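Number of protein chains: 2
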Amino acid sequence: MMRTRPLKVALLGCGVVGSEVARIMTTHADDLTARIGAPVELAGVAVRRPDRVREGIAPELITTDATALVKRGDIDVVVEVIGGIEPARSLITTAFEHGASVVSANKALLAQDGAALHAAAEQHGKDLYYEAAVAGAIPLVRPLRESLAGDKINRVMGIVNGTTNFILDKMDSTGAGYQEALDEATALGYAEADPTADVEGFDAAAKAAILAGIAFHTRVRLDDVYREGMTEVTAADFASAKEMGCTIKLLAICERAEDGASVTARVHPAMIPLSHPLASVRGAYNAVFVESDAAGQLMFYGPGAGGSPTASAVLGDLVAVCRNRIGGATGPGESAYAALPVSPMGDVVTRYHISLDVADKPGVLAQVATVFAEHGVSIDTVRQSGKDGEASLVVVTHRASDAALTGTVEALRKLDTVRGVASIMRVEGE
Amino acid sequence: MMRTRPLKVALLGCGVVGSEVARIMTTHADDLTARIGAPVELAGVAVRRPDRVREGIAPELITTDATALVKRGDIDVVVEVIGGIEPARSLITTAFEHGASVVSANKALLAQDGAALHAAAEQHGKDLYYEAAVAGAIPLVRPLRESLAGDKINRVMGIVNGTTNFILDKMDSTGAGYQEALDEATALGYAEADPTADVEGFDAAAKAAILAGIAFHTRVRLDDVYREGMTEVTAADFASAKEMGCTIKLLAICERAEDGASVTARVHPAMIPLSHPLASVRGAYNAVFVESDAAGQLMFYGPGAGGSPTASAVLGDLVAVCRNRIGGATGPGESAYAALPVSPMGDVVTRYHISLDVADKPGVLAQVATVFAEHGVSIDTVRQSGKDGEASLVVVTHRASDAALTGTVEALRKLDTVRGVASIMRVEGE
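Residue numbers (the working numbering), protein chains in the order written: chain A, 1 to 430; chain B, 1001 to 1430.
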């Protein structure tokens, strides 16, 4: 069964992930050969800084000309771990044109141009695998698109960004404010110098787009994902959450509408009950909760980032793509047949926790309650506390659409007796 | 891309799982067609009791002659959900001989005869998939054999039997004894009238054999798995566990030895810290914790049994096998190239919690400690409590081999001052 010609791999990028991929390809060469059915060899490594010492990689494999590498024609699999839109997109497309299959860890690119890349792969009869693009080492793309291929997925809800989970977990456990927790995350290497992509939810939104696309067999682009960062979550929000028996997580939530005719995808901070499995996901770990018709509730948990975990996912894909290549087959491509419309955020239905600063005088609660009623938002609980003529009113609603809640809040702001809306947070996972 | 000839499926067994497979094949026919690339049709259903009403299944599909069904020659995929060794084994082998691929949920058969079945599948160039055989709906077989194919798995530790987890969770949360908790599990339908397979660990041992085989690329048979049931776990054990900040779970543990040269597989009750992710797995849920070189710690969680969840796993396999068939390919077969020896239980190294009833007089602790030392078992903590001339001594050890611990206990029993060994429990997950 063993064929002798080695499969040739071109590695694009040799940073934290790429160097780990190269290392494991060397140290675990015998295992990879046995599992693939043929040896697999590193045929070239495209880097930006060729002068850097790269332990364990033969210097003659290093090149700065990534385009020439993917055009060589003898490359079986291109592993793209450079990230970003360009030149990654052009290189992947060129790779397909020159006969290679592709393994990518590029969430931003997949979220933005997944459809075009899948089309290019299919046109050339090649594989495009990207387990590492979502939640690092956690097997998620393959379980969603293969294990659950006979089921109907209704919701995917997860913690898919380790940096923000580290910060929120720190705020929860120590009572720290956002800035203090961010500073610690930065000092420990969990947050980048510019943390925008993480804390503003861009990274999570890209993953939500990819997950929603796979789960619902529908194209979901990054622009379709509602996104709200977690920079405005306060210690006071955590105190409110605790009173409700909740904690706060930055969640990516992909849902099928109750009538099944549309889907939504969103990223925002949310309160979840402490009893929910996602509530106990600590530090920089990721976890994704999946609900389907037949399987029920599943959860996948593990490290969501880092060189080794991401390399594990890349290498799992590499083995699959190599096996497909030897067998003359390709794995599952894009599945977007359902083509469901992606509804705007206004259509999302969930519960809300609203903190209002109000005048402490008779009739205020009646006024506030009337505004909720007028907008069709049913109130579950109200908690009022006040001193010195000022009062705080915490309202938790039943399920209502985001549009109805937005209308309610706009009207509340116009009331003379409402001094301010201190915070609005969605309540999920119940 | 769509071919028109439908793929024909023969269903062997139409009980809780089989009827759910048939139902979903009908209700989700359009989705399955889109995901497979061809329609899939139920071509026959083999049952023992043909007179029973089977809603949604055309009566002409029902047969009692399973052998004739798998021999028809026009069957693409045989779905075996009858369980047990025979006639399942003969039917699967016959199916391969007559050109069909097989999806099975049969853990007992896979654990006992997996190698022979894989060989038959390979000989005939057919697929053998069995995601449903381990942990129901939880994607586990595919992640282990595909997602982690580029990684090195060192440990698989999980709760793979829902019945026993329900009983232990009940004992933990209510203080009930084993019999009381079992009675409740039986009344609620979580335990069968004869619960032996579950409570004695046979079911979990079969799953451990399958998981160890996949994780370590080594053949592990049911006979290789050390097995200890949970019928002797007492309310007192739970009280002891609580004092240590632990709970008790029935665990299946598959480990690579520290030198990497051998593996072990075992099923027994064990104390695990409350902080471990497996400690919070409630009721009849299953969860499996996987540790690998590159990915680190992963966990997979979900319903481990039941008609719908098991059907979800069967249908995921069915889609994959159908896709392979259309593409003229087969998925990954048995991977046993590593062929590591399976070490006996005596070689397993872990920690132990031992409760002794001893005479309450000076020198007893010194005697007991000497016995541990003579057998090379290092003591971590000792807790002594006594009244009326009798005392209880709880010893928690550092890591030691099962053989050393067994020798220690034998020697302890011979001490005049030791009245009895009340319980010995392993401590895992630290």
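Any given hint could turn out to be false.
As the list claims (entries may be wrong) - The calculated lysine to aspartate or glutamate pairs, modelled on EDC-like cross-linking and capped at a C-alpha distance of 16 angstroms, are:
hint : chain 1 : residue 1 : chain 2 : residue 2
1    : B       : Lys1361   : B       : Glu1390
2    : B       : Lys1361   : B       : Asp1388
3    : B       : Lys1152   : A       : Asp357
4    : A       : Lys414    : A       : Asp357
5    : B       : Lys1152   : A       : Asp31
6    : A       : Lys152    : B       : Asp1031
7    : B       : Lys1152   : B       : Asp1030
8    : A       : Lys152    : B       : Glu1097
9    : B       : Lys1152   : B       : Asp1259
10   : B       : Lys1071   : B       : Glu1097
11   : B       : Lys1414   : B       : Asp1388
12   : A       : Lys8      : A       : Glu55
Just so you know, these hints were derived from the structure itself, not from any lab. Source: prediction; values computed, not measured.
Here is what the structure says about each hint:
The straight-line distance between the Cα atoms of Lys1361/B and Glu1390/B is roughly 9 angstroms, inside the 16 angstroms bound, and the hint therefore holds. In summary, the hint linking Lys1361/B to Asp1388/B is supported, as the alpha carbons are separated by about 11 angstroms, within the 16 angstroms threshold. Under the criterion of a C-alpha separation no larger than 16 angstroms, the hint pairing Lys1152/B with Asp357/A is inconsistent with the structure, at around 56 angstroms. Between Lys414/A and Asp357/A the CA atoms are separated by roughly 13 angstroms; this keeps the pair inside 16 angstroms, and the hint holds.
For the hint pairing Lys1152/B with Asp31/A, the CA-to-CA distance comes to about 9 angstroms; that is within 16 angstroms, so the pair holds. The straight-line distance between the Cα atoms of Lys152/A and Asp1031/B is roughly 9 angstroms, inside the 16 angstroms bound, and the hint therefore holds. Restraint check: the Cα-Cα separation between Lys1152/B and Asp1030/B comes to about 39 angstroms, which exceeds 16 angstroms; the hinted pair is violated. For the proposed pair Lys152/A and Glu1097/B, the alpha carbon gap of about 33 angstroms is over 16 angstroms, so the pair is violated.
For the hint pairing Lys1152/B with Asp1259/B, the CA-to-CA distance comes to about 13 angstroms; that is within 16 angstroms, so the pair holds. Distance restraint check for Lys1071/B and Glu1097/B: the Cα-Cα separation of roughly 8 angstroms lies within the 16 angstroms cut-off, and the hinted pair is therefore satisfied. Note on Lys1414/B and Asp1388/B: the hinted pairing is violated, with a Cα-Cα distance of about 22 angstroms set against a maximum of 16 angstroms. Between the alpha carbons of Lys8/A and Glu55/A the distance comes to roughly 20 angstroms, so the proposed pair goes past 16 angstroms and is violated.
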